[in-house]
Amino acid sequence: MAGKTLYDKLWNDHLVKQRDDGSALIYIDRHLLHEVTSPQAFEGLRLAKRKPWRIDANLATPDHNVPTTDRAKGIDGIVDPVSRIQVETLDKNCDEFGILEFKIKDLRQGIVHVIGPEQGATLPGMTIVCGDSHTSTHGAFGCLAHGIGTSEVEHVLATQCLVQQKMKNMLVKVNGELGKGVTGKDVVLAIIGKIGTAGGTGHAIEFGGPVIQNLSMEGRMTICNMAIEAGARVGMVAVDGTTIDYVKDRPFSPKGGTWDAAVKHWRTLHSDLDATFDKVVELDGANIMPQVSWGTSPEMVADVTGNVPDPAKEEDPIKREGIERALKYMGLQANQAITDIKLDRVFIGSCTNSRIEDLREAAIVVKGRKVAGSLKQAMVVPGSGLVKAQAEAEGLDRIFIEAGLEWRDPGCSMCLAMNADKLGQGEHCASTSNRNFEGRQGFGGRTHLVSPTMAAAAAIAGHFVDVRELLN
Amino acid sequence: MRALTQHQGLVAPMDRANVDTDMIIPKQFLKSIKRTGFGPNLFDELRYLDEGKPDEDSSQRPLNPDFVLNQPRYKNASVLLARRNFGCGSSREHAPWALDDYGFRVIIAPSFADIFYNNCFKNGLLPIVLEEKIVDQLFQDAEASEAYELTVDLDAQTVVTPSGDSFGFEVDDFRRHCLLNGLDDIGVTLEDAGVIKIYEDQRRQTAPWLFDAGQ
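Chains A and B supply the protein sequences, listed in that same order. Residue 553 is where the first sequence starts when you use our numbering, and the numbers rise one by one after that. Residue 16 is where the second sequence starts when you use our numbering, and the numbers rise one by one after that.
Hints listed in this document are in silico derivations from the structure and should not be mistaken for laboratory results. Certain hints may be false.
As the list claims (entries may be wrong) - Per label pair, the in silico range of CB-to-CB distance: (1) B/Thr-221 to A/Ala-554: 53 to 63 Å; (2) B/His-192 to A/Asp-812: 19 to 29 Å; (3) A/Gly-858 to B/Leu-64: 27 to 37 Å; (4) B/Asp-168 to A/Gly-809: 35 to 45 Å; (5) B/Asp-151 to A/Gly-883: 22 to 32 Å; (6) A/Thr-891 to B/His-192: 52 to 62 Å; (7) A/Glu-648 to B/Gly-52: 47 to 57 Å.
To be verified - If you only want the chain A side, here are some residues facing chain B, beta carbon under 10 Å, derived: (8) Ser-575; (9) Thr-641; (10) Asp-643; (11) Asp-647; (12) His-707; (13) Asn-727; (14) Leu-730; (15) Ala-784; (16) Val-1017.
Just so it is clear, CB atoms sit at the ideal spot from N, CA and C, and this is done for glycine as well.
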């Protein structure tokens, strides 16, 4: 019998019932909630007079609508009344149903995909869902984690299960080792550039190979976070010593004898050597350069040393039209050098890149340097109150502020611009977030996805530069 | 949930690949705590020339005359013809809510993003995958003739053109069953409450760290 993949093992562990029609009931260990995709689910529960199945499986925090300044004011600091109602509604719902919530003034508040791992609420082997597509982040811990819609948020609240169809297995193997200045973000952008935004559709992707094994948990989270940008709801990395070291001694992590039993189980959470995958893609880490997205889809990326593509050279008519449309929206010329793209703003943050390691790497680049005078704004938004406190304890805040970057309070911020942080029309932004869709960071805004070090380097230069030149 | 068995409707062709859910319903409209009222803001940034705001009367806003849904011939369309990877990006269920509120009942494309595809079924919307060359043909036909309608039969799993061509499509049995009968799938799952409880009790024994956080 062929061996099992990590995904097969996680699926089997959580299979409550296989139905005759091919669907399956899968048990959910952890449900994360935020203010945007939960209000209609709680309302649905109330209308059907249903109660949450297992209250302690849920953890909530407001993140999308929270302001990144003036946080001492709490909810009163949210200027937009519609945003304020949404955050208040989350508070009311969590209070009514007894769900643990890190409210806006709690030091533990932050982006939902940052606080789960930080608290140990994300543990290896769990099934984790949230009404947010970047829930794939938690797969970095050997979890089966994916985004769901609001109807499924309600379904999980009411039943602790989801109705699922098993996906196919896909392995993305990154061989060799990364060059200096190349990060997990560059790896995942290069993967998406190679397989496309639908390359993983219908599949659960396991990221493996020496490059992934040598990455920190932060780097692995960045990669799994963007699995959805490759079309896969689920991204995963096998559990190893790095995973277990990260989880140890977190508030929600098991202790004592339970810890030992958990570790014994977690050590089995990897694909068997003889496991087979439906699809395998391999990349050589040595060939991955710092990446910059030039278009309006995360697959539209180029090496920083490269150029904006020429649509005339694209043979597929649908892709050619996509490139032409993207260049028009982005205000770029075919064949233009990536380093000639001038920037208006820089955003370092989001569930992709706002963890302590991301901030440390960005700080190394800007230390002793100044943000280009041509920029309108460069901001750093830590992923949680605890990341912020840690960064301040290490003096990173002072490095950023002295270089001319704004040091903000935690939240999703300009990744999707639901709060006050947004791009103006036509503005170019070097952003460590995950989506460069039209209008994503503000009406008419132009997003370029990059790593934290590349964003930091761009902040200093005012245009894209190869961060490796600054690190020498 | 509203059931869908058969549907005949006017086809609007949206000739663009990788339409993401930010495009279907931009973020400023996600601040609503309701499930309804998103229709006027469907494809907001493509449909209007100005920046949309929540709670404003969109009927007074300047329309983008180049956008397909603004052409009079596609008024009251209920079948959206789309290109590959429709619905990629964010998991926001506001995207199917907006399509539904606008009046769409069926979306046909060569491929859909997984989360969006799943969210459609929860809201009585039917996403249909057809081969790219068939979709290409439907685009040509829908653009060539005004009042072009398609008939969709979920029971028979067919899409039938005005000239009588019939194309079969695949759909999972469970999703098909729920949509045909308008079933609330929470109710269906709760019929298995006993099985869930047994599973949970076993897990509590074998993996206590999943239940007693921090202990």
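Okay, the hints, checked on the actual structure:
1. Take B/Thr-221 and A/Ala-554: their Cβ atoms lie about 25 Å apart, and the range 53 to 63 Å is violated.
2. As the Cβ distance of B/His-192 to A/Asp-812 is approximately 45 Å, the hint placing it in 19 to 29 Å is violated.
3. The hinted window of 27 to 37 Å between A/Gly-858 and B/Leu-64 holds, with their beta carbons roughly 34 Å apart.
4. At about 59 Å, the beta-carbon gap between B/Asp-168 and A/Gly-809 misses the expected band of 35 to 45 Å.
5. For the pair B/Asp-151 and A/Gly-883, the beta carbons lie near 31 Å from each other, so the given range of 22 to 32 Å is met.
6. Against the hinted window of 52 to 62 Å, the Cβ-Cβ separation of A/Thr-891 and B/His-192 comes to about 55 Å, which satisfies the hint.
7. Restraint check, A/Glu-648 to B/Gly-52: a C-beta distance of roughly 24 Å breaks the suggested window 47 to 57 Å.
8. Look at A/Ser-575: its Cβ gets to within about 4 Å of chain B, closer than 10 Å, so that hint holds up.
9. Nearest Cβ of chain B to the Cβ of A/Thr-641: about 5 Å, under the 10 Å cut. The hint holds.
10. Interface restraint check for A/Asp-643: the shortest CB-CB distance to chain B comes to about 12 Å, outside 10 Å, so the restraint is violated.
11. Because the closest C-beta pair between A/Asp-647 and chain B is about 16 Å apart, greater than 10 Å, the hint is violated.
12. Interface restraint check: A/His-707 against chain B, minimum CB-CB distance 5 Å, threshold 10 Å, status holds.
13. Violation of the interface hint for A/Asn-727 is found here, the shortest Cβ-Cβ separation to chain B being roughly 28 Å, above the 10 Å cut-off.
14. Because the closest C-beta pair between A/Leu-730 and chain B is about 27 Å apart, greater than 10 Å, the hint is violated.
15. Annotation: interface hint on A/Ala-784 holds; nearest CB of chain B at approximately 8 Å, less than 10 Å.
16. Using the Cβ-Cβ criterion of 10 Å, the hint placing A/Val-1017 at the interface with chain B is not satisfied: the shortest such distance is roughly 29 Å.
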